[in-house]
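Sequences listed follow chains X and R, in order. Residue numbering for the first sequence follows full-length UniProt numbering, starting at 1 and increasing by one per position. Residue numbering for the second sequence follows full-length UniProt numbering, starting at 1 and increasing by one per position.
Mixed in with the good hints, there may be bad ones.
Claimed, not checked - Restricting the straight-line Cα-Cα distance to at most 30 Å, the calculated cross-link-like pairs of lysine-lysine (BS3-like) are: (1) Lys362/R / Lys116/X; (2) Lys329/X / Lys284/R; (3) Lys381/R / Lys116/X; (4) Lys116/X / Lys222/R; (5) Lys381/R / Lys124/X; (6) Lys381/R / Lys117/R; (7) Lys117/R / Lys215/R; (8) Lys215/R / Lys137/R; (9) Lys429/R / Lys329/X; (10) Lys298/X / Lys328/X; (11) Lys119/X / Lys255/R; (12) Lys117/R / Lys328/X; (13) Lys117/R / Lys124/X; (14) Lys222/R / Lys119/X; (15) Lys140/R / Lys348/R; (16) Lys429/R / Lys328/X; (17) Lys285/R / Lys362/R; (18) Lys137/R / Lys89/R; (19) Lys376/R / Lys362/R; (20) Lys119/X / Lys140/R; (21) Lys255/R / Lys124/X.
Quick caveat, the hints were computed from the structure, so don't treat them as lab data.
What follows is each chain in one-letter form.
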Amino acid sequence: MAVVFQGIGATAALTSATSVDSKKLYILSRRLVSETKSTFMVVRSDGRLNSGSNRRAQKLITNAVATKADSSPATKPGHELLLFEALREGLEEEMERDARVCVMGEDVGHYGGSYKVTKDLANKYGDLRVLDTPIAENSFTGMAIGAAMTGLRPIVEGMNMGFLLLAFNQISNNCGMLHYTSGGQFTIPVVIRGPGGVGRQLGAEHSQRLESYFQSIPGIQMVACSTPYNAKGLMKAAIRSENPVILFEHVLLYNLKERIPDEEYILNLEEAEMVRPGEHITILTYSRMRYHVMQAAKTLVNKGYDPEVIDIRSLKPFDLHTIGNSVKKTHRVLIVEECMRTGGIGASLTAAINEYFHDYLDAPVVCLSSQDVPTPYAGTLEEWTVVQPTQIVTAVEQLCR
Amino acid sequence: MTAAATKIIQPLPLNFTNTTPRSPDKALFHPLKTTPSSSFPASTHKLRLTKPNSTLARRRSTAVFAVSDVVQEKKPKSNTFHPNLLITKEEGLELYEDMILGRSFEDMCAQMYYRGKMFGFVHLYNGQEAVSTGFIKLLKNEDCIVSTYRDHVHALSKGVPARAVMSELFGKTTGCCRGQGGSMHMFSKEHNVLGGFAFIGEGIPVATGAAFTSKYRREVLKEGDCDHVTLAFFGDGTCNNGQFFECLNMAALWKLPIVFVVENNLWAIGMSHLRATSDPEIWKKGPAFGMPGVHVDGMDVLKVREVAKEAINRARRGEGPTLVECETYRFRGHSLADPDELRDPSEKAHYAARDPITALKKYMVENNLVSEAELKAIEKKIDEVVEEAVEFADISPHPGRSQLLENVFADPRGFGIGPDGKYRCEDPKFTEGTAHV
């Protein structure tokens, strides 16, 4: 918990600090990603792909620029921003709209948030609406729940998702249950959000994925954002929802750039996002793995495959309609996730697909997840714990034989 | 720590025995340690007169120190004017009725449990009524309370009808939580009872949140007259839990309008407080966090009420939280499943002799506030209320299957979209409780 992030995000800080290492890793990653030279995908919101130039020696896309020239429904060109700015924009719009919306967390106020999602909001809305809490996750999460029960709409920021393990008592016992045990008398419209996932050598405890731990809790919803567009939309939807929502962000995605509409928009919390329509195989993914999948998709397209990529976005509940339609079309499913293998989101999704769509499958559901190891510090080992694009390509080739 | 940090009020040391010249801004408590041999507050040799020209016609016993005189006592409404007593006749009857209700209700719960009408863990409050009545009867409806699993009497004191609580215990759909909460989860939105928590310490952050809302409404939403106070009730065992300390810190830091009420009954199931706690004097933990810590005889409803008045008014004035340790005792075991073999019979006898109901009765009768007949009438009335509650609970229906999936989500779209493209909650089977979710 003593990690302090300067600057606008972990990736920027770590890049500058480890520039020599990153070059080595870049060379290594180039070997792993066999064919693609520009390891950099542009993901358009309508699912089409463009490739762009790689500006930084990083194995992950951090500067994806999407333009919405052709098929955009918006009449205005929109504005470009980074993902953390999109989150802040969504948050600010909701705080403007409803005075009961408030933020609580460590360093959200004067510091502006460890990933700058709440930057300047304390100046605008005051120290009570953007509350700097002491380091007491269990208690301030409980406090947010109590505030939600009595009429406010708090957003709890976990400085790192892993810290919310300390708040598990409150999230499981109170957040998920109180609406039910009170017979429907009290609602808990709380949003719990924070960055998680495997970053750049952040070590085991800061690289945790909590989706699997929370998914069994009845009474909560979980969503994961992956682009600035859906980050803003999901943030707004989560705040407006009467249910408790856990919004999973990823440490390495905060600097993604995209052009988003100027008009106000809200996304549906329970729906999945079609990233790339296809015919041969359904690839289900979320959060950062979306980008590894799209990277692999480029290779696959070159090899003649036509993958359909869906960002499931809603981790609990699953959008079985979008997923089902896709399975019915392609008959093959590959799940790519960063969650742990055992009891993860992929495991649940596999079970759900087998239960509902077994008749439509031509091959068993394959699930690529992170290794069941505590994330190692060493860069090479860390890379092997998460799913890499080459593994995705291999899996698709095997499934589509 | 910013410059706008709260001013830490340092409580005065333990041995201070004189009343200070009162300054409303710095109203402080002194720890009130009553010896086991102390008598009920009305014994004349311990009374100290207030200023003769004071409009507050009340006496205080020497057991209560340095209570701010900002508290406005309502003028006694009874025909006979009793300048020496702590309560009026109306107040006395209200307190008595509330404690009798608590006691009778809990006794009936025990009967019903052994007759198989309720199951699970049931924790009874016998013996501790003074704390619940002493505090909660001072609250407005908009004030919130949070309790633990020993919550029946807190809910009753706050105004939840006995029939609703009994129904809930029977697991009937007419219960205050539709039968979905049970003994340990009493909630009432109408009466602002925020639960009812099964794990100890869980409710304290929730109470802190309710107090935060009160402050937020006053300062951010500009509802200037919002002075709602929250009371958090919990036991001695909870005072070793992290959530307790974390919330003491936050409440004092932001001066939240909350009173932390410790019902120290010396036992956490079978664990003696003295065996579990390095420093057993819980009230001392308040000043460590910058709030007054008070110890009060929790078997004496009038003493509790005096302390509660000050703590609640402190919170209402925006001066922040108070930690009140009530020395009390539960006459029964931890729960109805507890054989209660560990506690020393002489300890039980000692506290049984200090039964709060008997004590209040004695006080009121000796001071000619009420007659025995009036008290008997109250007891009869309460008997009827409790019997009616049982009858009501008996004839109430059990929850149907359709109730299974309701209330899981406030917005049932949270169950997601099914394979057919429709929301699960739109499935007709959802309202029947048989939908696949």
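How the hints compare with the structure:
no., hint, verdict
1, Lys362/R / Lys116/X, "violated, 64 Å"
2, Lys329/X / Lys284/R, "violated, 69 Å"
3, Lys381/R / Lys116/X, "violated, 62 Å"
4, Lys116/X / Lys222/R, "holds, 28 Å"
5, Lys381/R / Lys124/X, "violated, 57 Å"
6, Lys381/R / Lys117/R, "holds, 23 Å"
7, Lys117/R / Lys215/R, "violated, 42 Å"
8, Lys215/R / Lys137/R, "holds, 22 Å"
9, Lys429/R / Lys329/X, "holds, 28 Å"
10, Lys298/X / Lys328/X, "holds, 23 Å"
11, Lys119/X / Lys255/R, "holds, 26 Å"
12, Lys117/R / Lys328/X, "violated, 52 Å"
13, Lys117/R / Lys124/X, "violated, 56 Å"
14, Lys222/R / Lys119/X, "holds, 24 Å"
15, Lys140/R / Lys348/R, "violated, 34 Å"
16, Lys429/R / Lys328/X, "holds, 25 Å"
17, Lys285/R / Lys362/R, "violated, 34 Å"
18, Lys137/R / Lys89/R, "holds, 15 Å"
19, Lys376/R / Lys362/R, "holds, 13 Å"
20, Lys119/X / Lys140/R, "violated, 39 Å"
21, Lys255/R / Lys124/X, "holds, 22 Å"
The structure shown violates the earlier hints numbered 1, 2, 3, 5, 7, 12, 13, 15, 17 and 20.
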